[in-house]
Amino acid sequence: MRADIELRVDGRPCRTTLDTRTSLLDLLRDDLGDTSVKKGCDHGQCGACTVLRDGRRVLACLTLAVTCQGSDVTTAAGLGSAERPHPVQRAFGDHDALQCGYCTPGQVCSAVAVLDEIRDGVPSAVTPDVAGRPELSSAEVAERMSGNLCRCGAYVNIVAAVRDAGREVVGG
Amino acid sequence: MTDVAQLGAIGRDLARRDGWAKITGTAPYAYESPVRRPLFCGPVQATIARGTVTGMDTAAALTVDGVIDVVTPFGAEQLASTSDKELAVLQTTDVAFRGQFIGAVIAESPHAAREAADLVAVTYRTAEHDTRLRPDRDDLYTPDTVAPDFPADTGQGDPDRAMATADVTVQQTYTTPMYHNNPMEPHATTALWDGSDLTLWDSTQGVHPVRAAIAEVFGLDEDRVHVVCPYVGGGFGSKGTPHAHVVLAALAARTIPGRPVKLALTRQQMFSLAGYRTPTIQRVGLAADRSGRLAAVTMDVVEQTSRIKEFAEQTGLPARMMYAAPHRRTTHRLAALDVPVNSWMRAPGECPGMFGPEVAMDELAVSLGMDPIELRVRNEPDVDPESGRPFSSRNLVACLRTGADRFGWAGRDPLPGRRREGDWLVGTGVAASVYPANRMPASTAVIRYQDGRYVAEIGAADLGTGTWTTLAQIAADALDEPVERTEVRIGDTRYPFASVAGGSSGIATWGSAVVEAAREFRRKFGRDPDDGDAAEASLTDNPAASRYSTYAFGAQFAEARVHAGTGEIRVPRLYGVFAAGRIVNPRTARSQFVGGMTMGLSMALFEQSLFDHRFGHVVNHDLAEYHIATNADVPDVRADWLDEHDPHVNPLGTKGIGEIGIVGTAAAVANAVHHATGVRVRDLPVTLDRALPGR
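Protein sequence lines, in the order shown, are assigned to chains A and B. With this note's numbering applied, the first sequence corresponds to residues 1 to 172, in that order. With this note's numbering applied, the second sequence corresponds to residues 1001 to 1695, in that order.
Just chain A, with the same shape it has in the complex (with noise of 0.2 Å):
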C-alpha cells in the first residue's frame, strides 16, 4: 500500500509517496538521501538513527514515516552551520566527543533533546527527587543518553561534552 506525504527535513519541505512499511530513517536515507541520520541496527537497539521529530527525540527506524504527515524533522545536520555550530555541536568538538563518527549525528540529536528534557524538568530513572528539578549531573547525562550506543568508547567525552553545551542551553 502507498501513501502520499508531506514533511519537512532540516526546515525543507519533501513531498513523496511511500510504501506504508517505509520507516523515517529508510524515508531520509534512501528515497530522500539525506544520510546525516544513520542506521547502525534498524530495531531501536543503538539510538545512531536518533533525529527530532517537532523537537523531540525520536529513532527514525522505529517511526513509520507515514505517521510523519506534515512533522518537523530535524537530523544533526540541520541543527547549525560551521559559522554558527548549536552549542551541543560545538561542544562535541572540542571535547573529542566522538571518534568513528558513525553514532555522532544520533548522539548529538539525542543530546539536544536531554538538554531541553532536563530544562523541562522532565525526571529520569536516576533524578533523586521526581517532584525536584533535574540537575546536570554526569550522572544524569549518562543515564539519558544510555539509548545511545558508542563502539569506540567516547562515552566519558559525551558526557563532558553534553554539560558544557548544557551550561549555556539549560545555565548553571
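Read the hints as simulated data drawn from the structure, not as lab findings. Any given hint might turn out to be false.
[As the list claims (entries may be wrong)] Here chain A is said to cover these stretches of chain B; the calculated rule only asks that three of the stretch's residues, wherever they fall, bring their Cβ under 8 Å from a Cβ of chain A:
#1 1016-1027
#2 1108-1114
#3 1390-1397
#4 1493-1505
[Unchecked claim] Not close to chain A: a few residues of chain B, all C-beta gaps over 12 Å, as computed:
#5 R1161
#6 D1382
#7 A1544
#8 N1631
Given the structure is predicted, the values throughout are model-derived calculations rather than measurements. Backbone N, C-alpha and C fix where the C-beta goes; we use that ideal spot for every residue, glycine too.
Following the hints, position chain B against chain A.
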C-alpha cells in the same frame, strides 16, 4: 633516530579535522557513496550449519516488484581465484557454516531485495555439524603458525619440573567467550563495474589490501580496481580484511553492468559474516619462590578456527615476553569447527592473552601475601625473555608506580572482602597492559604543493583514530611548515600504497612514509616550490627493529563495587597509565586510550556471543542481546601517559595506541571484583551470578 627536527605540530592538542563532517553526519560512509540510480543487494543465507544446497527456487522472489535478478551458486560466474574459501562466494553448493551466503537478490529498492531474499525457497541435504570447542577434544591440532606468523609453541628450560618443585604455584584455567567486533557502522559495500574496471566504495581499514584481495578473486590487474573509503564507522579489526559481502556485492553488480549495487549487512548478519574473536581456554601456570620471583610461566591455549579458513589467534604471545622466568612453555591448539570465519579483533592475541596470566599474577600475589604491583616489579626482565634482545624502551614499572600514585593505591589492604559501604562491597585491582610497537614493511606517500598548501597523499585509513589530523601534524613538522598549511588526502587507492590500519601500526608506518616523502620533496624542490611540484617516497628499513624488542606498556587500575545482596557489579573508576612513545595529538590519543579501556570494561562485564550448538548460530545476534557498555556503565575512565622517548622504533618515536587500551582491562576488573568480594572469577564476563559472594 627520532629525527624529525622541528617539533611544532606534533604533540599539539588539536581538534580532529573531520570533526564537523562527522558531527553533522555529512561525512560519507560506504553505503552513502555518491552514485546514481543504485540497485540493492539482498543476500540469501544458509539456514543449516553444514551440508549441501540441493535446490533454490527463485520464482516467488522474481515476482516481487522491483526485483531484477537472483544470483545463486547454480548460475553464478566462476571466480578466478577460490583459494581463500571465505571469499569464494557462490562457487560451491557446500554449506560450511550457518549464515553463509548462498545467493543474492538484486532489486531496485532495499526493501524489495530483502523481501525477495526471504522468498527464495532453498532445499538442502543436511550433514551433521560440529561446533563445540572443548579442551578434551581428540582432534585438536597445532597450527603451523599463529597469527600473523609466530610459532605456535615455544619452550625454555623445564617448566614442569619447576612447577613441581616451586614454593608457590598457581595452576588455573581461564576462559574468554566468543566476541563480536560490532563497529557501529555495519559492513557495507557499493560496487560498480565499468567494463572490466571495478569501483568499490567499501567500509574498510585498508583500501589497498581490499584492492589486492578483490583483484585476485576476480582475476583483474590491480589497477583495474579502485577502492574508496574516506570514513570508516569503526572496524576494530573486523574491517581489516575483506569479508564475503565485498565479493557478493561485486558479483551482483557484474550482472548489471553500469549500475552500482549497494550491499549493507544487517546487524544480525554481522554475527556470521564479519569475523569475530574465537573463544579461548587458557591453562595458565605460574611457579615462584617465597620472594615472588618467578621460576616458570606456562600458557596452554585452546581455541577454534573455522574449517574453511584457518585463523589462529596468537593468545599465548604476551606470556612469552611479559615477565622474567627461566622456565617457560606456551602452546596453541586449535579445533576446526563448522562455524563462521573468525578473524582480527582489537588487540588480537594480547587482549584475550593478558586476561588469564594477569589474573593468575593476582592469584599468585594473594598466595604470597604480596602486593600485586610489587610482584610484577620483582619479575621485570632485563631483556626480552623470548628473544634475548633488549627492549627499545620498557616503562612498565614506571606505569605501575605512577598509576598507583595517582589512583590512590598506597595503604591498600590486600585482604579480599573487607571493605563495605552500605550494601556494596568495594575493592581495587590492577593489571598490566602490553602491545607490540608494530610497523608494516611497506607504505608510500606523496607530498604535493598545490594552491599555496602542502598536501600529503597516502591510501591510509581513519577509523576514528585521528589519521586525518595526525598525518597533517606529521607532514607539517617534516616539512617545517605550519600545520594550517598542510592538508591530507587518504582512503582511496588513487593515492599511493598504504598498509592496513591494523596492529596499531598506522602512524608508525604511514607517518614514516610521509616523513620520507617530505624529505624527498625538500631535496628536489627546496623551500620555494612551484605550484604542482610533487615528490613520492617510501618507507625505508629500520635496522634498529631487528636489534630491539619493541613494545608499548601500560598499567590499568579498577575500582569495583559489588552489591552484597544481588551481586550487581559496577566499576565507578578505571584509570590507565601508558608508555607508548611520542604522542602526536594528545586529544585524539586520549580518546583512543580511553576508548580501548571502555571496550575492555565492556569485555570485563558484559560481552559474550552465545552460540547455539544445535543450530550453529549466535543466539544474541543484535545489540539488544549482545551487550556492550552504555554511557551509564562508564562513569569515570581516565588515561594518562608517560613522556617516553624511544629512539629506535621509527623516525617519529611513536608506538601504536589503538589497541593497548583494551589489553589488561578485564583482568584489572576481575582482580578488583576479587578484592571486593573474595570471589575469584576466571571466566569472562564477570557477571553477577559468578561474582556473588557465597554462591
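Taking the hints in turn, this is what the structure says about them:
As drawn, the region 1016-1027 of chain B meets chain A at 11 residues by the rule of a beta-carbon pair under 8 Å; at three or more, the given contact holds. With a cut-off of 8 Å between beta carbons, the region 1108-1114 of chain B has 3 residues touching chain A; three or more are needed, and the interface restraint holds. Coverage of the region 1390-1397 of chain B by chain A is violated [criterion: at least 3 residues with CB-CB distance below 8 Å; count 0]. Residue count for the region 1493-1505 of chain B with a Cβ under 8 Å from a Cβ of chain A: 0. That is fewer than the three needed, and the coverage hint is violated.
Every CB of chain A lies more than 12 Å from the CB of B:R1161, the least distance being 44 Å, so the non-interface label holds. With a closest Cβ-Cβ approach of about 35 Å to chain A, B:D1382 is found to remain outside the 12 Å limit, as its non-interface label requires. With 12 Å as the threshold on Cβ separation, the claim that B:A1544 sits away from chain A holds: the shortest Cβ distance comes to roughly 31 Å. A beta-carbon of chain A is positioned within 12 Å of the beta-carbon of B:N1631; the least distance is around 4 Å.
Violated hints, listed in ascending order, are 3, 4, 8; each of the other numbered hints is respected by the structure.
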